[in-house]
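Q: Chain by chain, the residues:
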Amino acid sequence: MAQIFPRAYNTLAPAVLVGASVLLGLLGVCVYAVFWSPYMTHVQVPITQPVPFSHQHHVGGLGIDCRYCHTGVETESFAGMPPTHTCMTCHSQLWTEAPVLAQVRQSLTSGAPIGWNRVHNVPDFVYFNHSIHVSKGVGCVSCHGRVDQMPLMWKAQSLYMKWCLDCHRHPETAIRDLKQVFDPGSPNPSREDAGERMQEYQVRPARFLLDCSNCHR
Amino acid sequence: MEEPPLGYPTRLLEPGVTYAKATEDIASIPLRRIRSGWWWLAFATALFLLSFLMIAVSWLFIRGVGVWGINIPVAWGFAIVNFVWWIGIGHAGTLISAILLLLAQPWRNSINRLSEAMTIFAVLCAAMFPLLHLGRPWVFYFLLPYPDTMGLWPQFRSPLVWDAFAVGTYFTVSLLYWYIGLVPDFATLRDRETSPGMQRFYGIFALGWRGSAVHWERHQTAYRLLAGLATPLVLSVHSVVSLDFAVGLLPGWHSTIFPPYFVAGAIFSGFAMVLTLMLPLRSIFKLHDLITPHHLNNMACVMFVSGLMVGYGYFMETLMGLTSADPFEYANTIARLWGSWAPIFWAVILCNVLIPQVLWSRRVRTNEWMLFWVSIVINLGMWLERVMIVVCSLAKDFIPSSWGSYWPTAWDWATLIGSGGLFLTLFLLFIRLAPAIAISDVKELIAEKHHAP
Numbered sequence: 000m001a002q003i004f005p006r007a008y009n010t011l012a013p014a015v016l017v018g019a020s021v022l023l024g025l026l027g028v029c030v031y032a033v034f035w036s037p038y039m040t041h042v043q044v045p046i047t048q049p050v051p052f053s054h055q056h057h058v059g060g061l062g063i064d065c066r067y068c069h070t071g072v073e074t075e076s077f078a079g080m081p082p083t084h085t086c087m088t089c090h091s092q093l094w095t096e097a098p099v100l101a102q103v104r105q106s107l108t109s110g111a112p113i114g115w116n117r118v119h120n121v122p123d124f125v126y127f128n129h130s131i132h133v134s135k136g137v138g139c140v141s142c143h144g145r146v147d148q149m150p151l152m153w154k155a156q157s158l159y160m161k162w163c164l165d166c167h168r169h170p171e172t173a174i175r176d177l178k179q180v181f182d183p184g185s186p187n188p189s190r191e192d193a194g195e196r197m198q199e200y201q202v203r204p205a206r207f208l209l210d211c212s213n214c215h216r
Numbered sequence: 000m001e002e003p004p005l006g007y008p009t010r011l012l013e014p015g016v017t018y019a020k021a022t023e024d025i026a027s028i029p030l031r032r033i034r035s036g037w038w039w040l041a042f043a044t045a046l047f048l049l050s051f052l053m054i055a056v057s058w059l060f061i062r063g064v065g066v067w068g069i070n071i072p073v074a075w076g077f078a079i080v081n082f083v084w085w086i087g088i089g090h091a092g093t094l095i096s097a098i099l100l101l102l103a104q105p106w107r108n109s110i111n112r113l114s115e116a117m118t119i120f121a122v123l124c125a126a127m128f129p130l131l132h133l134g135r136p137w138v139f140y141f142l143l144p145y146p147d148t149m150g151l152w153p154q155f156r157s158p159l160v161w162d163a164f165a166v167g168t169y170f171t172v173s174l175l176y177w178y179i180g181l182v183p184d185f186a187t188l189r190d191r192e193t194s195p196g197m198q199r200f201y202g203i204f205a206l207g208w209r210g211s212a213v214h215w216e217r218h219q220t221a222y223r224l225l226a227g228l229a230t231p232l233v234l235s236v237h238s239v240v241s242l243d244f245a246v247g248l249l250p251g252w253h254s255t256i257f258p259p260y261f262v263a264g265a266i267f268s269g270f271a272m273v274l275t276l277m278l279p280l281r282s283i284f285k286l287h288d289l290i291t292p293h294h295l296n297n298m299a300c301v302m303f304v305s306g307l308m309v310g311y312g313y314f315m316e317t318l319m320g321l322t323s324a325d326p327f328e329y330a331n332t333i334a335r336l337w338g339s340w341a342p343i344f345w346a347v348i349l350c351n352v353l354i355p356q357v358l359w360s361r362r363v364r365t366n367e368w369m370l371f372w373v374s375i376v377i378n379l380g381m382w383l384e385r386v387m388i389v390v391c392s393l394a395k396d397f398i399p400s401s402w403g404s405y406w407p408t409a410w411d412w413a414t415l416i417g418s419g420g421l422f423l424t425l426f427l428l429f430i431r432l433a434p435a436i437a438i439s440d441v442k443e444l445i446a447e448k449h450h451a452p
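Going down the list, the protein sequences come from chains A and B.
Note that numbering that gives the first Met the number 0 numbers the first sequence so that position 173 is 172, with each residue one more than the last.
Note that numbering that gives the first Met the number 0 numbers the second sequence so that position 383 is 382, with each residue one more than the last.
One thing to keep in mind: the hints can contain errors.
[To be verified] Computed footprint of chain A on chain B, listed as stretches where at least three residues anywhere in the stretch have a Cβ under 8 Å from a Cβ of chain A:
#1 142–156
#2 188–201
[Claimed, not checked] Pulled from the structure, derived: some chain B residues nowhere near chain A, Cβ distances all over 12 Å:
#3 61
#4 255
#5 313
#6 327
#7 339
#8 403
Hints listed in this document are in silico derivations from the structure and should not be mistaken for laboratory results.
From the three backbone atoms N, C-alpha and C, an ideal C-beta is built for every residue, glycine too.
Can you build the whole structure from these sequences, using the hints too?
A: Below, the structure written as structure tokens:
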């Protein structure tokens with residue numbers, strides 16, 4: 000009986016089997032890489048704004064406190080975006096003719112707020128509260144990175160659930176002295192006195208921080 | 000005519016079955032040498048039923064699980080009933096092929112292939128239902144542990160996650176086992192096939208099988224190893240399925256008898272389904288020489304004994320409910336005996352306990368028609384049993400204010416009927432594409448017969 004397959008198929012058949020498994024594995028690696036890449040997470044991707052507000056200049060250079068503009072951060076879930084009047088506390092006197100601030104002046108005249116583009120957005124099914132994190136000693140820098148070095152704002156962290164849980168599983172990695180919370184350059188807290196600090200600030204043990212209903216209410 | 004004697008080894012094969020005849024009888028079905036109008040009629044019916052599934056599932060994806068009759072408190076409706084039913088049916092295959100192989104029961108050789116195929120298609124039908132039931136079936140992969148962006152593993156304390164693993168393992172092992180058994184037979188088909196396209200098709204699946212002694216030696220090693228792996232799965236899969244219920248605290252579910260009771264029920268319904276499929280096939284393709292009354296008798300016996308165990312399960316459940324001194328268990332049992340669930344309960348008893356008592360008679364056990372109808376009744380009864388388990392306990396739990404009821408919608412029925420269509424379609428394609436009886440295993444029987452002392 001004539002052969003059905005040419006001789007080369009002896010090599011081809013196992014090669015296809017091995018190749019398919021390797022490709023499948025590679026596909027998995029690729030999917031993983033894409034999900035953690037800035038393409039999906041937008042980490043370190045600067046977001047353009049109607050007015051090119053620079054945190055680097057205002058925070059790093061001038062040393063304005065976070066709470067000067069984000070007034071709700073200590074008491075509310077949303078840290079708050081400043082109204083145009085906040086900008087005008089200085090800019091009614093400084094750079095009053097600067098073309099780059101034209102939109103700010105226009106907003107003040109018309110009363111329509113400036114349409115800032117959102118940088119950090121958590122899904123609607125996630126309940127996030129700034130005030131509890133800030134009052135338990137989680138520094139701004141833990142989540143938002145070195146804001147004092149960002150000319151335009153970008154995300155420093157993925158905001159994936161895994162990232163939330165990493166910290167909720169090990170809160171000692173983020174909880175610092177309350178005096179340092181708003182210091183944009185404060186170093187990561189040391190682990191030595193973490194236990195003591197967590198007790199002082201009444202941070203609950205990790206198992207309570209991991210309840211589904213903490214965030215999904 | 001004198002009744003043929005039953006028992007090993009006289010009638011495992013009819014006299015006159017030779018190597019050539021066995022090959023020809025079996026291979027002629029996939030090789031299209033028998034043109035059967037029955038097959039086409041059955042296939043058309045199967046496709047028609049399959050269209051029910053397509054439509055019902057499409058509508059389900061568009062509108063969500065609200066198209067089904069489920070609601071609170073009965074959140075597990077037909078989807079879970081059908082899942083348990085199909086996965087139970089999927090048990091006979093591995094029992095027949097793996098356990099009977101290890102127990103050296105030669106009567107398995109003519110029926111193993113068919114029941115393995117049935118297992119695989121039944122498990123496919125079963126696996127579909129929990130995924131549809133998810134409501135968001137596109138995120139089914141949440142059930143698997145993989146490095147996700149949520150930093151979460153599946154909840155390993157939940158039997159529902161064990162289910163995903165148990166069913167997945169069972170399917171994988173059954174598929175491999177089935178395929179390894181098929182390799183020599185694919186080679187037979189490759190060598191007998193005349194069309195070049197089909198020669199290549201079978202040639203690819205035959206993996207270059209030449210039938211050398213080394214091939215056989217490795218084949219037998221792999222086959223027996225997989226049989227060893229598959230054997231515990233027969234017990235584990237339905238035990239895990241039963242834990243979906245037994246771990247819950249509801250009256251009628253929270254019971255330690257569930258795992259063995261479910262396994263017995265699975266074997267019972269599995270054998271019933273094997274008979275339901277095999278008897279018509281035997282008639283249509285004239286396989287009486289290979290599937291003899293001896294096989295029918297043996298299968299009926301296994302089915303009967305497992306049915307008696309299921310009956311014992313019903314008895315114990317009722318007895319425990321009545322004597323448990325737990326008011327909720329008691330109320331649940333009363334509701335089954337003569338309360339609102341009595342029609343289902345007594346239908347289950349009729350189908351699964353009373354009617355199968357005819358199997359005491361050997362005449363029934365070897366009569367095609369009687370056996371066929373008994374197997375149909377058992378299939379129906381086992382489905383009703385799952386309705387009883389799933390719906391009754393959910394509908395009436397502890398507080399009367401939270402009681403409810405359950406009525407399936409047309410979409411529930413369409414999905415159930417459609418899953419039957421999917422099963423039949425796959426099964427009918429299988430018997431046209433692969434040997435429905437293991438040619439090499441049957442030849443082994445012939446060889447043993449020739450060399451018997």
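Q: Does residue 339 of chain B clear chain A by more than 12 Å, comparing its Cβ with all Cβ atoms of that chain?
A: Consistent with the label, residue 339 of chain B stays out of reach of chain A, its closest Cβ about 36 Å off (over 12 Å).
Q: Beyond 12 Å on every Cβ pair: is that true for residue 313 of chain B relative to chain A?
A: holds, 39 Å
Q: Count the residues of the region 188–201 of chain B whose Cβ falls closer than 8 Å to any Cβ of chain A, and tell me whether that reaches three.
A: As far as the region 188–201 of chain B goes, the hint holds, because 5 residues have Cβ atoms under 8 Å from chain A.
Q: Beyond 12 Å from every Cβ of chain A: is that where the Cβ of residue 327 of chain B lies?
A: Non-interface label on residue 327 of chain B holds, nearest chain A Cβ at 28 Å vs cutoff 12 Å.
Q: Regarding the assertion that residue 61 of chain B does not contact chain A, is the least Cβ-Cβ distance greater than 12 Å?
A: Its Cβ never comes within 12 Å of chain A, the nearest being 23 Å, so this holds.
Q: If we take the beta carbon of residue 255 of chain B, is the closest beta carbon in chain A still more than 12 Å away?
A: holds, 30 Å
Q: Is it the case that residue 403 of chain B keeps its Cβ farther than 12 Å from each residue Cβ in chain A?
A: holds, 26 Å
Q: Taking 8 Å as the Cβ threshold, is the statement that the region 142–156 of chain B is covered by chain A upheld or broken by the three-residue rule?
A: That given contact holds, which follows from 6 residues of the region 142–156 of chain B lying within Cβ reach (below 8 Å) of chain A.
Violated hints: none; the structure is consistent with every hint.
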